[in-house]
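Residue numbers (the numbering used here), protein chains in the order written: chain A, 1 to 350; chain B, 1001 to 1350.
Just to be clear, a hint being listed does not mean it is correct.
[Unchecked claim] Calculated lysine-lysine pairs in the DSS-like style (CA-CA distance at most 30 angstroms, straight line): (1) LYS304(A) - LYS209(A); (2) LYS1223(B) - LYS46(A); (3) LYS46(A) - LYS1158(B); (4) LYS209(A) - LYS1020(B).
The set of hints was computed from the structure by calculation and includes no laboratory data.
Protein chains: 2
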Amino acid sequence: MAADGSLRALGEFGLIARVKEGLARESSKTFLSVLRGIGDDAAVCKLTEEGSLLVTTDLLIEGVHFDLAYEPPETLGFKALAVNASDVGAMGGEPWGFVLALALPSGFSEDWLDRFLSGMAAFQDAHPCVALGGDTSKSPGGAFLCVTFLGRLSASSKLLARDGARPGDRILVTGIPGSSALGLNLLRRFGPSVLENQEARPFVEAYLKPRPPLVFSKEIAQKGLANAAIDISDGLVQDLGHIARLSNLRAFLELESIPVGGLEPMSRMLGIEASDLALAGGEDYGLILSVPAHSLNEVQRLGKRLNVAVHEVGRFEIGEQGVYICKEGQAPFMLKKGGYEHFRDESAHP
Amino acid sequence: MAADGSLRALGEFGLIARVKEGLARESSKTFLSVLRGIGDDAAVCKLTEEGSLLVTTDLLIEGVHFDLAYEPPETLGFKALAVNASDVGAMGGEPWGFVLALALPSGFSEDWLDRFLSGMAAFQDAHPCVALGGDTSKSPGGAFLCVTFLGRLSASSKLLARDGARPGDRILVTGIPGSSALGLNLLRRFGPSVLENQEARPFVEAYLKPRPPLVFSKEIAQKGLANAAIDISDGLVQDLGHIARLSNLRAFLELESIPVGGLEPMSRMLGIEASDLALAGGEDYGLILSVPAHSLNEVQRLGKRLNVAVHEVGRFEIGEQGVYICKEGQAPFMLKKGGYEHFRDESAHP
């Protein structure tokens, strides 16, 4: 048991391990068989010869994951589906359906609800998925959302699991990691009016309305171009660390290759190092991919075709598992802290 | 729009209707097809020729659905799965797997967590089901739990939908409706030590550790013995009202047939009418069944074999939809208020 016996000492990942251990059971052999249970972006349950069912759930809690002072209900509704669909995409699947659990203080307005639902509907328009049901409750505290998402993984696709990286694989990221964290910092500092600033806007939108590259990840899986993947929810180093740990490999991140240039004018104004945002900022919902060298060109071509920015930022090698940062003129080093962890981190997420 | 534009005026059922309307979409024809979406105990998605997937989700919120002052973590863990499995049972299916979203204040102890998980595991031992994954977060307020449950409905079973009741069907209930509400009232009045009282104990346990009749409901569906079913979560009259409304029938409840005798010594001591508990008390997680006359004997025999108390309490007839109470020597009447509704009810649930 941790020092003071509290969840603060156990931490989020200790808690997840405890849940996994406490509830481990064999699945029934007569129905779906569980190919992957707790511990990846989504569970994988074999359905038929045609494909598998992906299952994932995500909490969005006022005061932890969002702040109504600067998050409009429309983008919150969009985000509630996007962050779940991101987990489906990070396994190589495509969105199919969801249930919504919604606990709201009773003083919330119908107008707020309608705007929230219109944001969910906007996500459905972009990525067709069916609302299967849900539960509603009043909340004695703030707003509390929980979406459970079901996705489809075609039998001919290669599952993008966290434990599939191979020595020599290159590490690729989509988008500009740290964009969302920069956007959140801009919102906190300047309030919603910062959206009117043309330079700030893309970062604020990356935070408010994340757009996981769902068509791209589905095609990566269909073409078998990656050995492993994860979405960036807690930060590049931390999420990459999950692949390294589960694949039992050492990840080398080349700091100079990480696309931080775009973050810089705004991050400098805020007095934040762009590389800190890129390494530890969470909620980007881009992908980290582990790609064998012979597939690099095809992944880049796919990115160009689908308008998804793809950057090669490092490689996996045999060695003690972990994430090492490579900086010109220095020996590779590990970061003490590379992302957000619930219970341990007392500030708001991320 | 409701008078003051708040969710209080809209009410829980208005909110659900708004969600259903706002998020209505055709499901993809190429994967699972949705046989039933929002509006029943669980969604029904056709999987294969062998059967369908049931999907349901339930929130359990501290201060709304439970009070840690008198609910031990073990029974809360058990209940979190039982209330979801109850929805699967009320469709005629059997439990298969679940995801757990858990938001806890960081001051919670590891001991609390372990006891909570042991309660979930106790449910899994009674009704095998696999933990597929989940999400964890710190909570800025109280504890929030959300379980999404997947169940299996065999293709040879008759779906127990809410809209299937037929004129002339008898209304049957399992267990003693109101037991859970009585148990909650005893707990609130006397605290957890009331469990030491032998007369109080069964009611308190009905509240703390509900046991939906899952084997019974599965056999009812397999044998095709009922036309409709719902589980009693919000109260007998309110939940029966859902069947009446969706089947477009009038339900007559014979007050004298409702098994309230067992509630009486304890309810009298508390100064509560036993019939009020039976009609409006929620969280029993027994079943309301709509059974054709020719199947009554077989349902009763099944109840005896499985040790499930079954009482005939009324009938469905053609007429304006609604629930009418029949009391000897009075004309049938409707209750103003027959159960719990989120947002409208300001006291704790139920």
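| request: Would you mind confirming whether the straight-line C-alpha gap from LYS209(A) to LYS1020(B) stays at or under 30 angstroms? | output: holds, 23 angstroms
| task | With a cut-off of 30 angstroms on the C-alpha distance, tell me whether LYS46(A) and LYS1158(B) pass. | result | This hinted pair holds, its Cα atoms lying about 25 angstroms apart.
| Going straight from one Cα to the other, do LYS1223(B) and LYS46(A) come out at no more than 30 angstroms? | Holds: LYS1223(B) and LYS46(A) sit about 28 angstroms apart, inside 30 angstroms.
| Are the Cα positions of LYS304(A) and LYS209(A) separated by 30 angstroms at most? | holds, 22 angstroms
Hint compliance for this structure: no hint is broken.
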